[in-house]
Amino acid sequence: MSTLPLKAGTKLVLASHNKGKLAEFSTLLADFGITVLSAGDLDLPEPEETETTFAGNAALKALAAAKATGLPALADDSGLCVSALGGAPGIYSARWAGPDKDFPAAMTRIQEGIGQDERDAWFTCVLCLAFPDGTSYSFAGRVDGQITWPPRGDKGHGYDPIFTPEGEKRTFAEMDEAEKNAISHRARAFALFQKECLA
Numbered sequence: 001m002s003t004l005p006l007k008a009g010t011k012l013v014l015a016s017h018n019k020g021k022l023a024e025f026s027t028l029l030a031d032f033g034i035t036v037l038s039a040g041d042l043d044l045p046e047p048e049e050t051e052t053t054f055a056g057n058a059a060l061k062a063l064a065a066a067k068a069t070g071l072p073a074l075a076d077d078s079g080l081c082v083s084a085l086g087g088a089p090g091i092y093s094a095r096w097a098g099p100d101k102d103f104p105a106a107m108t109r110i111q112e113g114i115g116q117d118e119r120d121a122w123f124t125c126v127l128c129l130a131f132p133d134g135t136s137y138s139f140a141g142r143v144d145g146q147i148t149w150p151p152r153g154d155k156g157h158g159y160d161p162i163f164t165p166e167g168e169k170r171t172f173a174e175m176d177e178a179e180k181n182a183i184s185h186r187a188r189a190f191a192l193f194q195k196e197c198l199a
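Start counting the sequence shown at 1; every next residue gets the next number (the UniProt record's numbering).
These aren't lab readings, by the way, just hints derived from the structure by calculation. Check each hint, because a few of them may be wrong.
[What the hints assert, rightly or not] Straight-line C-alpha distance at most 30 Å; calculated DSBU-like pairs for lysine-lysine:
#	residue 1	residue 2
1	Lys67	Lys101
2	Lys67	Lys11
3	Lys7	Lys19
4	Lys155	Lys21
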């Protein structure tokens, strides 16, 4: 049944094997009485991300998890887009870090690919809520900012140490979790999801 809003007591599958994302979403959904199970905990395979947009990949992951478990599933596809790189790494943000998740190497690749004057960048997140019957809903969030070099901060994950959002002097990795969650691309997508999907 694809019924909205999701009620307290609902079990929701987060279609991700990323422990950082699991922690973030568990925190965000705890206030609504929703229990988050991760695809990793349920031994679900990670589907190949064959779509060419954030929205397409989020839907692909959410629908696969919902159909595999019979539970509603939430997926996000997100990434860092750098203006001077034509929007790259974009949907390939995780892949730039390689199978070993070597984000320092991926951040160096970005720095080496852009000029000193071309620092504009943005993080995009698309959340997709899918149900076992194939119904799905998508919500997009974006936060603009600048590439910072060298990397700063030891919080957050992924590209956070090189991204400074507009209006801030600190990178995402220099903010505590609550501060980042209040302004991030994922928070903006989540606010739209919350308005439409949570009681």
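How the hints compare with the structure:
{"no.": "1", "hint": "Lys67 to Lys101", "result": "28 Å, holds"}
{"no.": "2", "hint": "Lys67 to Lys11", "result": "14 Å, holds"}
{"no.": "3", "hint": "Lys7 to Lys19", "result": "24 Å, holds"}
{"no.": "4", "hint": "Lys155 to Lys21", "result": "13 Å, holds"}
Checked against the numbered hints listed earlier, the structure breaks none of them; every hint is satisfied.
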